[in-house]
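With chain S's structure known, arrange chain R on it following the hints.
These protein sequence lines are chains S and R, in that order. For the first sequence, our numbering begins at 1 and goes up steadily by one. For the second sequence, our numbering begins at 515 and goes up steadily by one.
Treat the hints as calculated values from the structure; they're not laboratory data. Model, not experiment: these values are computed from the prediction. Treat each hint with caution, since some may be false.
[Stated by the list, open to error] Partial chain R-side listing against chain S, Cβ under 7 Å, derived:
no. : residue
1   : Arg521
2   : Phe524
3   : Leu525
4   : Met553
5   : Leu554
6   : Gly557
7   : Tyr564
8   : Ala571
9   : Leu592
10  : Gly599
11  : Arg623
12  : Phe633
13  : Gly634
For glycine and all other residues, C-beta sits at the position ideal for the given N, C-alpha and C.
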Amino acid sequence: MRAALWLLVVAAAIFWLVRLPPVRRRRAGRAAFLFVMEAVLGPLWVIGGVWVGVGQLSARNASTVLALLLAFLPLLVPWALTRRLLVPLGLPRAAWWVASTPDGNWKRDPTGGPALAAAWALCVRGNPELIAWVEARLCPLQPGSTRPEPLRGAGMAAHALFAAARGDDETARALFAGVLALDRGAVPAAARKVTIDWLVADAAERGAWVEVAAHGRLRGASATARFLAAVGERLLGRPTGPAWRLWAAWAWGGPHFATLPLLRQALGAPAAPQEGDKGDRATTEQDGSPASEHGETPPPDVWQAALVRHARASRAEPSRIDLLATAAAWDRAFAEPGARRRVDERAIALGATRGAAAWPAMQRQVERDRADAARLAGASLRPLQDAGGVAARAAAVLRDELLGELELAGTALRARVDQGRALAPVDEWREHRALAEAYRRAVSIGGEELRRLAFSKLKNEIWGHAYWLSNTRGQPTLAHAMYAWLRAEAEAVGDTRAIDSLAKNVEATKLDPS
Amino acid sequence: MSESAARRRFLDNPFHVLGLPKTATRAEVEREGQKLLGMLGLGLASARSYSTPVGPAERDDAAVRQAMAELRDPDKRLLHELWAGSAPDAETDVASGDDTSPRGAGARRWPEARRVLGFGARRSR
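The shape of chain R in the complex, shown without the other chains:
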């Protein structure tokens, strides 16, 4: 919840969404945006994901249009440039995958515990 705000800051950064360096010109932004929209329109798999410093993310039309709009505003672009310094793919592998599973002893689950102690099987809502 709370940390995901920081995570979203990287995932939603327009430079990462468009796959551009922060030095990209306005024309390059427009060109890349239109190219990606076209590729997404054709359903090309290569256009559906992009890399960020916090791992890969899914790209869609709305995200591309939003990214282009953000970079058209100089004030917003300046702030996005500050956050886009980290090179995409710098450390993606650690991020991908579920890091929430317990380690050590915690990994040894006992799935029958409730049934064995007489409370029936776990129910999903």
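So that you can see chain S by itself, here it is in the shape it has in the complex:
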């Protein structure tokens, strides 16, 4: 009687599952599988392990139970097995299959997790024959539909690892940075850890310890990433506390043998600040006094002096002091009494019919070059505007250029959305990130005034893009991140009407925790 009742319950559950829509059916199936694994098989597995461990079984029975325990291991801890065994061995197919087993690690992104495992294994041992196989698993379609699955954190990290496996580090870097920009709720913890580890490793490989220190301190970083962040801070001469903390971080992290030389290097690093990065230079080089102009005596000829400065600034990434000093040198050159007259006389001597145009042409070229240099240096426009003369005109050129570029990018995005020209979800996200990065760069140069103008130019375009992604393309995670970005910017510029509407959009596209 009891068995019949159980059979009835199971049959009713299967009937209910079969009648569900494909997406919900899969979700319910996963949940049921996880329940059986965690509530039934898990405890049984532990009991079996204890049974074998106690040694009460005969050798034959013990080996049978042991074989059963090993056979069920991939069902119980699929991600641990994938992460510790299959990925290091570089087996994309096996990694994908095992990681496809429903697992608590990928609850937030069940299709992205296996793709991440496969791409990671490909990254470890690049097998050209498997590239197409892995690529086909990066954009799975929804069950019973031709629409791609919503792209979430693990899926995006899989795309990034795939790019790294093909040697496209720049794309990988941008996509991993995109993972960190997504809502935390849409990024499984395992995917976040992989993302931070990769960014830290990439930065350490390039010697970019500022980035290592920044990424390694993010929440969700692995112990190794945190150790590398501590190394980075030590190498940068930042206060890191006593040496035993570094030893402790090393002991907690790993792999110990491979990171020991790095630990020694960090312990031997001087404590005094030694980082010569741009940001530091920008804060220290405030005054623009002639004493800091490389200790050189300017040539007597002001025109020559301006040219020498211009040439010097065009050879390497200029600092703000170079920008201001070069602009000031040009101001002196253009204001030199008699300079304009000498050019006009020379034009007559050469027989130049448009000689009068040479002077303004020269000024435009100088301003154009100074604007380019300011952009390259990432210098703030405010000191240039305050300096007046060539510096201020160069700042105006750069400001117009930055706004024009953002407007152009926004117009192109709107045209694409209006025409319904869809890109792959990951490329939609990359386009948004590129636009957001251009906006960030422009704002860092142009300041708050440019921020307000730029936001008003881009707001509707990005809003439309997010709406389209959410309502037409079935990509709420990407839309959510875009709405959140827009809301943060609306708050920054004080656009109260937009803040209220965007708050509703952010809430509406939030990932359903179930």
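Positioned in the frame of chain S, the structure of chain R alone reads:
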């Protein structure tokens, strides 16, 4: 990218390409241009490079012909004269060499980082 426009302004200046002062006459320009073309034709190493305020540059037939053409046009020559004020070789040494490498802590790279953290070796495209 952006700063290279300013750099190219110096590298492509016809007076620097021909190795002449901005006071050179039209005849001197023609003579020097023909001489350089002849030397390049013979493959003489001394003719293959020239100095500029932003460092040495490679010279070829096309650059010499372009420089001669630019200086034949009085309007263009006037603008090139304004940009040619800086004496070649004035500060070439700082310019030469790769100045893009990070300084300080940035110079300490850890080439095994990706492999050690389990991502395999870096691949070139």
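The hints, checked one at a time:
no.	hint	result
1	Arg521	holds (4 Å)
2	Phe524	holds (6 Å)
3	Leu525	violated (9 Å)
4	Met553	violated (26 Å)
5	Leu554	violated (26 Å)
6	Gly557	violated (30 Å)
7	Tyr564	violated (15 Å)
8	Ala571	violated (12 Å)
9	Leu592	holds (5 Å)
10	Gly599	holds (5 Å)
11	Arg623	holds (4 Å)
12	Phe633	holds (5 Å)
13	Gly634	holds (4 Å)
The structure fails to meet hints 3, 4, 5, 6, 7 and 8 from the earlier list, while all remaining hints are met.
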